[in-house]
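Number of protein chains: 2
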Amino acid sequence: MNTSVSIIGAGRLATHLAAALAGKGIIIPQIFSRQLSKAAILAQKVNAEAINDLKAVNDKSDFYIIAVSDDAIYEVAHQLQHVISSDKLVVHTSGAAPSTLLVPFFRNYGVFYPLQSFSLDKAVDFRHVPIGVYSPISQNEKLLFSLGSLISQQVQCIDDHQRAELHLAAVFVNNFTNYLFHIGHDITNKANLPFSLLMPLIQQTVEKIKLSPPVDMQTGPARRGDHSTIQRHLSQLEVEDYKSLYELITKQILQLYHKK
Amino acid sequence: MNTSVSIIGAGRLATHLAAALAGKGIIIPQIFSRQLSKAAILAQKVNAEAINDLKAVNDKSDFYIIAVSDDAIYEVAHQLQHVISSDKLVVHTSGAAPSTLLVPFFRNYGVFYPLQSFSLDKAVDFRHVPIGVYSPISQNEKLLFSLGSLISQQVQCIDDHQRAELHLAAVFVNNFTNYLFHIGHDITNKANLPFSLLMPLIQQTVEKIKLSPPVDMQTGPARRGDHSTIQRHLSQLEVEDYKSLYELITKQILQLYHKK
Numbered sequence: 002m003n004t005s006v007s008i009i010g011a012g013r014l015a016t017h018l019a020a021a022l023a024g025k026g027i028i029i030p031q032i033f034s035r036q037l038s039k040a041a042i043l044a045q046k047v048n049a050e051a052i053n054d055l056k057a058v059n060d061k062s063d064f065y066i067i068a069v070s071d072d073a074i075y076e077v078a079h080q081l082q083h084v085i086s087s088d089k090l091v092v093h094t095s096g097a098a099p100s101t102l103l104v105p106f107f108r109n110y111g112v113f114y115p116l117q118s119f120s121l122d123k124a125v126d127f128r129h130v131p132i133g134v135y136s137p138i139s140q141n142e143k144l145l146f147s148l149g150s151l152i153s154q155q156v157q158c159i160d161d162h163q164r165a166e167l168h169l170a171a172v173f174v175n176n177f178t179n180y181l182f183h184i185g186h187d188i189t190n191k192a193n194l195p196f197s198l199l200m201p202l203i204q205q206t207v208e209k210i211k212l213s214p215p216v217d218m219q220t221g222p223a224r225r226g227d228h229s230t231i232q233r234h235l236s237q238l239e240v241e242d243y244k245s246l247y248e249l250i251t252k253q254i255l256q257l258y259h260k261k
Numbered sequence: 002m003n004t005s006v007s008i009i010g011a012g013r014l015a016t017h018l019a020a021a022l023a024g025k026g027i028i029i030p031q032i033f034s035r036q037l038s039k040a041a042i043l044a045q046k047v048n049a050e051a052i053n054d055l056k057a058v059n060d061k062s063d064f065y066i067i068a069v070s071d072d073a074i075y076e077v078a079h080q081l082q083h084v085i086s087s088d089k090l091v092v093h094t095s096g097a098a099p100s101t102l103l104v105p106f107f108r109n110y111g112v113f114y115p116l117q118s119f120s121l122d123k124a125v126d127f128r129h130v131p132i133g134v135y136s137p138i139s140q141n142e143k144l145l146f147s148l149g150s151l152i153s154q155q156v157q158c159i160d161d162h163q164r165a166e167l168h169l170a171a172v173f174v175n176n177f178t179n180y181l182f183h184i185g186h187d188i189t190n191k192a193n194l195p196f197s198l199l200m201p202l203i204q205q206t207v208e209k210i211k212l213s214p215p216v217d218m219q220t221g222p223a224r225r226g227d228h229s230t231i232q233r234h235l236s237q238l239e240v241e242d243y244k245s246l247y248e249l250i251t252k253q254i255l256q257l258y259h260k261k
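Protein sequences appear in the order of chains A and B.
Residue numbering for the first sequence is 2 to 261, as defined by my numbering.
Residue numbering for the second sequence is 2 to 261, as defined by my numbering.
Isolated chain A (complex conformation):
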């Protein structure tokens, strides 16, 4: 496969994605970043040309992947249309932005969305990063699917509506979960206990939902309808925010399992 993919962006996602693609023999002609030094660091790793001017993007790649922040996608696409032809396959990598952001500029547009957050300093095994691909043109979607399958074991066609829902679900299971971990950390810390005491329990909760739907795995006082423990917990809670959150989630779990 003699495919070539130019990458617009040199941030965390662009860096890991370029490395994964290059590792599978994909040619990366160009890496763009507004900061030439950033482009250069990544370009060196994947044997690409570093550029910091969108006018210097050449027209010869098979794919163009726009891996920039959501706010910048439209402006980048707007500028790209002046240097590459409108029938090139151009995709963005955002979970939140609709694919239609690219409609004014390119006939062959789409999305190539790796569902993971990346840190620059930590290696990523892309095989285990799910990738959602989308294009309204089935032939393009097949091409994106093939490209994704080169680097990931879990590629799925996901339209704009589905992607928006997936992004929303990720906020609950990732961002909001981390906030609950923060509360647990704060409570143990104030009681002079190491948070690490809770790690096996957290790990176990995650292992369980790999086997069964979370709704079948729910435990705890609200699940049991154990009102005396709930009352004791509420009386223990001194931070108002934690208390209101405890009350709301408990109310919802009680309704889910104990409604008449």
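Heads up, a few of these hints could be off.
Just so you know, same-sequence chains aren't split out, so a pair can sit in one copy or run between any two.
[As the list claims (entries may be wrong)] List time: in silico DSSO-like cross-link candidates among lysine-lysine, alpha-carbon distance up to 27 Å:
#1 K244 with K260
#2 K123 with K211
#3 K46 with K61
Since the hints were derived computationally from the structure, they do not count as laboratory data.
Given the coordinates of chain A, assemble chain B onto it according to the supplied hints.
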């Protein structure tokens, strides 16, 4: 070590605990359960006598571990006092019940609290189950610590207040987290997407908090103060419960990171 531990209870915790102790050469003279058949199944595994009458508990064990539901601890201890002497070391295994529940009956009381939830059909590696031990008498606490250290790599002295806080923290990081997973499952399910797409992200969130406090690992629209994404998510949410929970957690994260 020729220690002997009789176990009152034959449920999930009792079963895994008895097996772990027996595996380390601890003698288990007796297993009690109200249902003789349950006691017998466990007793056979650990070479113990099965009994279903607390009057048949003999006085010769070094430790007595009451591993029954919270509601039953007091009544069991009340009955036990008639058959074993008040200077025996008797502990319960509850995260929620105070140790003082045992005060009316035994001079040498305490707690032996494995911080994990167990299923009957799944093997448990007790080495990675944290155990909180407590006795107001330091010599007893040392004995409990030694017993715990036989089977677990993470034994910690935890007083009643700390244990109550730990139990509360566990509700946040375990029970409430599972509820968020349920919401993520429901949202993906309704969008015809497999929940498994979210598993790598969930796993990553857990890996990150092993390295840094969750407060430093927070990501997402609320962390960024990205109000346009928050508004879009709220307009996507059709289930009233999910919407009110999204609003509350978002408000709390915004306050935590963006307060003036």
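Here is what the structure says about each hint:
1. When the C-alpha separation of K244 and K260 is checked against a cutoff of 27 Å, the pair qualifies both within a copy, at 23 Å, and between copies, at 19 Å.
2. With identical chains, the CA atoms of K123 and K211 are at most 27 Å apart both within one copy (24 Å) and between copies (14 Å).
3. Taking the shortest Cα distances, K46 and K61 sit within 27 Å of each other inside one copy (21 Å), while across copies they are farther apart (70 Å).
Comparing the model with each numbered hint stated earlier shows that all of them hold.
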